[in-house]
Every structure is written in structure tokens, then in C-alpha cells.
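Q: Heads up: the sequence lines are chains A and B, in that order. Under my numbering, think of the first position of the first sequence as 113, with each following residue one higher. Under my numbering, think of the first position of the second sequence as 916, with each following residue one higher.
Just to be clear, a hint being listed does not mean it is correct.
[Unchecked claim] Rough simulated footprint, nothing fancy, chain A against chain B, three-plus residues with beta-carbon under 8 Å:
no.: 1; segment: 926-934
no.: 2; segment: 953-962
no.: 3; segment: 971-984
no.: 4; segment: 990-999
Just so you know, the hints here were simulated from the structure itself, not pulled from any lab data. Backbone N, C-alpha and C fix where the C-beta goes; we use that ideal spot for every residue, glycine too.
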Amino acid sequence: MKKIFLILFILIIVLVIINLIPGLNKGLGNFVYKIFSPITRLFSNIGKGFANFFHVLASISNLNKENISLKEKNTTLESEIITLKEIEKENDILKKALNISKLDQLTIDVASVVGKDIQGLQDWILINKGAKQGLMVGMTIISAEKALVGRISDVSESFSRVMLINSKDSNIAALLENSRVEGLVKRNEGGGIFMDFIPKTEKLEPGERIITSGTDNLYSRGIFIGTVGTIDLSDNQIFQKITIIPTVNFSKLEQVLIIK
Amino acid sequence: MKIVSIIIFVLFILFLQIGILPNLQIVSVYPNLFLLCFVGLTILIGEKKLFGWIIAFGLFLDFYSFYSIIGISTTAIFLTCFLAQFLNQRYLKKENKLSVILIFITSLIFYELLLLIAFKIFGIGYDFYPLGLVVKIVYSLILGLPIFYTMKWYVGKIK
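Given these sequences and hints, build the entire structure.
A: Next up, the structure:
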């Protein structure tokens, strides 16, 4: 018994020393990641391969229906693209007139997801860029489809940790794109996300897009979060609760964009 | 031969934890196989023989989890294994399925509580919610018990 307490005591002393020496903690963390990130990435990719295989097997019966629905969606999107291209041209003309260049607005960098929480405790991912590449705490991370992923919460020399939008501490000021109603996007008990503080008087439709409103000064305005899923108008709550279908599949993220 | 089989076992658990389990989440929860393996091994071979492994894996988890304070997982796993060993020796009958289940449940709750307390003290965000813990316990038992009996079979074979 005495031996166990002695070992625990020595362990705590060593850990305190590691934590007290400035930079040692992050430096060692960076070293561990450099060694293990290729292994964890390989395991993660094999796992995704397995999951995709079984997902395809399970979804074969729905493929025909999905195909028809995608074709319809494609037609709608093509017409939207034509309209948007026209708007883009107009926008470019206006920007030139106002002397604003696109580069002045945002600098975007690409990073790969090299790890995630392996204890299943927190909702974060690890990306392979850090302070060396100019990354800082608070920078916004989006997916390749330009949908919101989260914010950088910790930075080491070559890696950064990104807290996802479905983490417990995440509160995002958001806006319903069509109805222009503002609310707060938070995590629910099941690990998904919902939009809170929407007055019951507002009539909303499932499928409406939800974007960041920018009023929290954490995320810029207009980043796509997801679409309205279910709407809960129960009498036991003051506001209506909207379940959000996130655009990003966090378990399948491979590459992300960093807004600098 | 012994060390090779240990490395293969560790890689297998790492593969399950990183590659497979994140794709099999239930209400955003999946088991912590590292903890279950250490608790299982503590029951089978005792904590003293595991000190080195506990510290090595605990530190790996700490660095990998990118906590601002290093040592939380290490200390939590160490104390959880100590509790598992204590329960196993003092109160529960060895090689009894119910005892193993009770030790697993107690260890899982104890580990989560230790992390919750440590994260509160050091101001680290931690997603703790009761439903998640219940799901985690049930899910962990479903996966942990076959792993435990596989380990038991292997330990019996090399003894």
C-alpha cells in the first residue's frame, strides 16, 4: 500500500514539474502527435472504409429513391447556379467600383484532420497545422463545402485542436436564412445541435437553412451551419426548440479550411 | 513472443478505439477501451505489474487529448485501477461474472467523476451528461466483457 502511494506521489511531482516548465507540455504534445498522427490517421481511414462499406450495403434499397431525389435537386441547383453566377458578376462589378479585392477579405488555409478525441469525452478534432503556419486560438474552421466546423481552441507548434460546434461549451449566434429570425445554436443531450431562443410566434419550416449571424463576434456572418430538422413547440417551454441537421458529418471530416 | 503479442493487442485496441468506435457512436458516446483493458488487466494480474503501462498509456492519452494540464488521464487511470484492485481483493469474489460487471461499472463511474472534478478544477470544458454516462456504461460492458474474457483466456494460457 505504502509503495503505491509513494509511486503516486512521485508521479504527481513529475507531472507538476512537466506542467510548470513553460512550453514543455506543448512541446512534448507536439512530439507525441508527430509520432502517432500517421498511425491514428491510418486507423481512422481504415475504420471509415469499414463504416462506408456497411453503410453502402445498408442503403442499397434506398438508392433508387435517392437517385430520383438527387436528380430533382440537381435541376434546382443548376438553375440556382445560373442565378448566382449573374449575382457574382454584379458583385464583382460593384467591388471593383468600391475598390475592394477578394483577397483583402479572407485568407483561407487548408489542413488535414489527423486525430480526434480517442476517449470519447470531448468533441474536438486535431488538424495538422499550428503556430508555425500562423494559426491562432479563435480562428474559424469550415468544411470543404463552406459549412461551419468549429473554432481553434489550442495551438501547438505544428498541430491545433478544433472544438466542434456540437461541443458542450459552444454557443453560436445564428440566423434563419429566409425568416431572418435570430437564436443561439447549442449542443443537446444526445450530442446533436439545436437552436434556442426562437419565439413561439415565429412560423418556421423544416429544411430552412441556418447560418451564423455574426453577432457573437466569434464567427463571421453567413457561414452555413445546417438546416431545420424538427420543431418542438411543447407547452412546457417558453421558446420553440429547433433540432438542426448539421451540414458537416463530423465523424467523416478529412480536410478543413481555416479562415485566418 | 510475449512482448509481440502485447504490441499486437495494444495496436488492436488502438485500432478499435480510433478507427471503429467513432463510427459506432450511440448518442455521441462510445466506450473508452483503454480504461476497460487496464481495469480488466488489474483484475487479472494485479496493479503492481501494470504500473509502467498505466503511466505510459496515461501520458499518451494526456498528450493526445491536448489538455492544457498534463497528467489528468494518467492520475485518473492510476487511481481507477487502484480502486478496481482494492474492490477485487477486499469485497468481490474473483472470477465471478457479477463481480467483474460491478467492478467495471464502479470503475467507469469513478473515472468519469475523477475527470469531471479535475476538469472543473483546471477549467477545462468537459461534456458530461447523465444519459451519456448510462449509455457509456452499458456500451462499455457489452464490449468490455468479451475483451476481458479474451484477456483472461490469454493470461491463463501464458501462465
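Q: Please go over all the hints and tell whether each is borne out by the structure.
A: Going through the hints against the structure:
1. 926-934: holds (count 5)
2. 953-962: Result for this restraint: violated, n = 1.
3. 971-984: holds (count 8)
4. 990-999: holds (count 4)
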